[in-house]
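Trainee: Sequence:
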Amino acid sequence: MSQNDQKTAALIVAAGRGTRAGKGIPKQWRSLAGQRVADWTLAQFRAHPLVDHILLVTHPDDEGHYRDIDAQIVHGGETRDASVRNGLIALKNQGFQKVLIHDVARATVPAQCISDVIAALDTHQGAAPALPVTDALWRGADGKVSGTQDRTGLYRAQTPQGFHFEAILKAHDAFQGTAADDVEVARAAGMDVAIVDGSENNLKITTPGDFARAEKILRGHMDIRLGNGFDVHAFEDGDHVTLCGVQVPHNKALKGHSDADVGMHAVTDAIYGALAEGDIGRHFPPSEMEWKDADSAIFLKHAVDLATSKGYAISNIDCTLICERPKIGPHAEAMMTRMAEIMGLRMDQVSIKATTSERLGFTGREEGIASIATATLVKP
0 MSQNDQKTAA LIVAAGRGTR AGKGIPKQWR SLAGQRVADW TLAQFRAHPL VDHILLVTHP
60 DDEGHYRDID AQIVHGGETR DASVRNGLIA LKNQGFQKVL IHDVARATVP AQCISDVIAA
120 LDTHQGAAPA LPVTDALWRG ADGKVSGTQD RTGLYRAQTP QGFHFEAILK AHDAFQGTAA
180 DDVEVARAAG MDVAIVDGSE NNLKITTPGD FARAEKILRG HMDIRLGNGF DVHAFEDGDH
240 VTLCGVQVPH NKALKGHSDA DVGMHAVTDA IYGALAEGDI GRHFPPSEME WKDADSAIFL
300 KHAVDLATSK GYAISNIDCT LICERPKIGP HAEAMMTRMA EIMGLRMDQV SIKATTSERL
360 GFTGREEGIA SIATATLVKP
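Sequential numbering from 0 applies to the sequence shown in numbering that gives the first Met the number 0.
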């Protein structure tokens with residue numbers, strides 16, 4: 000069976016509490032360069048062409064954090080070994096020949112590390128990235144150097160650690176006690192494990208200071224795009240307006256070829272703009288009657304899917320509605336909820352707010368509503 004015929008799953012271990020990272024929520028759910036640590040880690044594997052499936056092993060207490068993640072979810076156990084085993088059991092009978100086991104705290108894993116591990120599995124039962132130890136090694140006691148240690152043949156282990164699926168599942172089933180990592184479990188079962196080149200950028204976030212280091216790595220190679228959108232719709236007779244996916248009672252309606260959702264149109268154009276993909280009119284021409292009275296969520300979802308297909312994640316959107324009436328404040332939270340739902344984002348990534356034009360211009364004369372929006376897109 001060739002490499003292209005083999006299916007590979009990524010098993011991301013994210014059930015730990017990460018107490019060494021300091022007080023607060025577990026480190027995998029903390030913010031890092033505009034997204035959560037886990038979001039970055041998942042993005043590295045989601046973007047890799049040789050990874051077919053992602054499973055995230057989580058802690059049951061973290062449901063509020065992982066509810067929005069698009070991956071297979073399984074709960075972990077009391078130890079890391081137990082968590083990995085739970086994940087392997089969940090992947091069983093899904094047709095995977097290879098599995099990559101990765102610590103969620105390694106959010107900056109380079110694509111090359113992933114590729115090298117997968118390739119090595121064509122000739123070995125297991126493979127893992129590592130770096131040779133180059134520093135002098137001491138033994139210590141009571142805060143003093145008590146001796147030295149020869150560093151010859153010593154390596155700093157990293158993840159992902161890859162294995163033939165059935166072999167590592169059997170190894171975990173047979174293993175007794177606790178292990179430092181999955182390579183130890185594999186070797187206890189007699190599996191051969193190849194060492195591939197690791198990377199200094201494959202940092203494991205462990206202490207509070209590691210967040211700054213990881214952010215520097217991410218910002219050094221990620222592609223950040225900004226786009227803006229602007230839209231205007233005039234009023235006509237009606238009894239409500241649709242703004243950011245929410246029907247707001249009003250003594251007028253907005254006039255347009257679709258549902259005239261001026262806020263959603265501005266956000267959609269901002270995403271298209273960040274991608275250099277024109278505007279709504281390019282993708283959904285108003286001359287085509289199939290878009291007459293269409294739900295603008297169709298346009299927004301298309302823009303989001305286009306961004307995803309190009310490898311971008313939406314970091315945040317910010318939309319301002321400009322009008323005298325109706326009052327937006329009482330409906331802003333519902334609008335944020337609806338927009339986040341359509342785009343697959345968290346609420347704290349979506350800003351909907353409003354302002355007036357101080358009775359100046361067409362919005363001041365209550366002839367219509369305008370909207371401006373900004374979207375930030377990030378590619379790891």
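Treat the hints as calculated values from the structure; they're not laboratory data. Treat the hints loosely; a few may be bogus.
Unchecked claim - The calculated lysine-lysine pairs, modelled on DSS-like cross-linking and capped at a C-alpha distance of 25 Å, are: (1) Lys300 / Lys215; (2) Lys300 / Lys352; (3) Lys291 / Lys309; (4) Lys6 / Lys309; (5) Lys352 / Lys309.
Trainee: Could you run down the list of hints and mark each one as holding or not?
Mentor: Against the structure, the hints come out as follows:
{"no.": "1", "hint": "Lys300 / Lys215", "result": "violated (31 Å)"}
{"no.": "2", "hint": "Lys300 / Lys352", "result": "holds (21 Å)"}
{"no.": "3", "hint": "Lys291 / Lys309", "result": "violated (28 Å)"}
{"no.": "4", "hint": "Lys6 / Lys309", "result": "holds (23 Å)"}
{"no.": "5", "hint": "Lys352 / Lys309", "result": "violated (29 Å)"}
In the structure shown, a violation is registered for the earlier hints numbered 1, 3 and 5, in ascending order.
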